[in-house]
Structures are given as structure tokens and as C-alpha cells.
Amino acid sequence: NAGVTQTPKFHILKIGQSMTLQCTQDMNHNYMYWYRQDPGMGLKLIYYSVGAGITDKGEVPNGYNVSRSTTEDFPLRLELAAPSQTSVYFCASSYFQGEVTSPLHFGNGTRLTVT
Amino acid sequence: AQTVTQSQPEMSVQEAETVTLSCTYDTSESDYYLFWYKQPPSRQMILVIRQEAYKQQNATENRFSVNFQKAAKSFSLKISDSQLGDAAMYFCAYCKGAQKLVFGQGTRLTINP
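Line by line, the protein sequences give chains A and B. Residue numbering for the first sequence follows the numbering used here, starting at 1 and increasing by one per position. Residue numbering for the second sequence follows the numbering used here, starting at 1 and increasing by one per position.
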């Protein structure tokens, strides 16, 4: 059982370039999330999805886009990368239905540097 | 908006002793969840313990327990018999609906042998 898988683990991006961070989960979770963690800080929510075809903004969505075409995949797109987007990015998933909820399962993170 | 505050940027404890990490939060909701996550140098986020706000009984997981004071909006984590492997960043987190966690700034815990 792989859980939440993120690729790549590390990446260096030049200013103005674009890239997609991949995230996939095999637990049939309906909720998926993208967080960023700046040095010495807690995690902040970028975008989240409550199911295939549905996405919504979190606390810090500017400069990012997401899509959720399948239950398993939730890619994060960075357009026109800026140094302020240098961070560690975490994807997470959970199951939430009425009274039943599971804790968040996190991927191992992607360390992104924009120079 | 909900906020989570961890007032201790760093804590240290001797191996085998007990340490308590503090967390306060602000919300107007009555039903919510609180969590403690551990982040070792590997940067993996590991769930330590979870508390449902409607439960008066404090959650426990082996050597980890919480002191949940709902009226005071306080949620501290007690680690008993500290072990070297407990060294990590610890994050307190809150969520209400859709599992959108709001994290505190973290507390770096050092275990002295």
C-alpha cells in the first residue's frame, strides 16, 4: 500500500518557468490537499479538492493551479515561477463522509527551489 | 478565521523525562478536531494524536497524551519517558469541516541523552 506518492522529491526551477508537481493516492480517499511549508513555519493550505472535478482555494492559492480529473490524482501547477514559491510542498489525502473521517495522510514532500 | 498558536519555538528534555508542548487556538465553532503532528528531519508528517472536540476525555496514544481544555481553547501534548526518536518538530493543528487543517508555527523538540 503506497499511500500518498509525490514526485519529484527535489527540483530546481528558473524564474518564469512552469512545472507540475504530481500527487497520487491509492486509498480511495475523496479529499485531497496541497500545502506548502516555508522554512521554520507550519504548513499553509494552497488548494484542496473534495472529489473528482471539484477544487477550491485555500489560504495561499496565488500563483498555483490544480485539477482533479480522477479520484487518485491531484497535480499542482506552478505558472511563471517566482522566488517566493521556494518551499516544501506536501500533498495529503483523507476520507470524509458525514460522521466518518480519517486523519490526513501526507506524502513525503517536494522540495522546490526557484532561482 | 481560525488561528493556532504554539508559543514555544524550542523545547528540550532529558531522555526518559516528561515534556509538555503548548498549543492554543481560536475558533467560534463547537465541533472540530485537534491534532498533533510530528515532523522528523526526514520531513515526513506523522500523526501523533487526534482529539475530537465533542469528547471530554483526553486522547492518549501510548507515551503521548493531551490535555484538552475546550473552554480555554488549549490543547497541550505531553510526552512521557522521552526517547531519542521523539526529537522532531511538533505541529499543533485544527480543522473544522473538509479537513482543512490550520497549523501552528511548530515547536522544535530536542532530546538530551
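Hints listed in this document are in silico derivations from the structure and should not be mistaken for laboratory results. Glycine included, each C-beta is placed from N, C-alpha and C at the ideal position. Worth double-checking, as some hints may not be accurate.
[What the hints assert, rightly or not] Reference listing, derived: stretches of chain B covered by chain A, where coverage requires no fewer than 3 residues with Cβ under 8 Å from a Cβ of chain A:
{"id": "1", "segment": "12-19"}
{"id": "2", "segment": "37-45"}
[Claimed, not checked] The calculated label-pair distances, taken between Cβ atoms and stated as ranges, are:
{"id": "3", "chain 1": "B", "residue 1": "D31", "chain 2": "A", "residue 2": "G51", "range": "16 to 24 Å"}
{"id": "4", "chain 1": "B", "residue 1": "Q14", "chain 2": "A", "residue 2": "Q97", "range": "29 to 37 Å"}
{"id": "5", "chain 1": "B", "residue 1": "Q56", "chain 2": "A", "residue 2": "S102", "range": "18 to 26 Å"}
{"id": "6", "chain 1": "A", "residue 1": "N30", "chain 2": "B", "residue 2": "K70", "range": "24 to 32 Å"}
{"id": "7", "chain 1": "B", "residue 1": "N67", "chain 2": "A", "residue 2": "S102", "range": "19 to 27 Å"}
{"id": "8", "chain 1": "B", "residue 1": "Q8", "chain 2": "A", "residue 2": "P8", "range": "18 to 26 Å"}
{"id": "9", "chain 1": "A", "residue 1": "P8", "chain 2": "B", "residue 2": "T18", "range": "19 to 27 Å"}
Hint by hint, here is what the structure shows:
1. 12-19: violated (count 0)
2. 37-45: holds (count 4)
3. D31(B) / G51(A): 16 to 24 Å: 22 Å, holds
4. Q14(B) / Q97(A): 29 to 37 Å: Roughly 44 Å apart at Cβ, these two residues miss the hinted range, so it is violated.
5. Q56(B) / S102(A): 18 to 26 Å: 23 Å, holds
6. N30(A) / K70(B): 24 to 32 Å: Given a distance of about 29 Å, which is inside 24 to 32 Å, the answer is holds.
7. N67(B) / S102(A): 19 to 27 Å: Taking Cβ atoms as reference, N67(B) and S102(A) lie about 24 Å apart, which means the hint holds.
8. Q8(B) / P8(A): 18 to 26 Å: 34 Å, violated
9. P8(A) / T18(B): 19 to 27 Å: Roughly 40 Å apart at Cβ, these two residues miss the hinted range, so it is violated.
Violated hints for the displayed structure, listed by number in ascending order: 1, 4, 8, 9.
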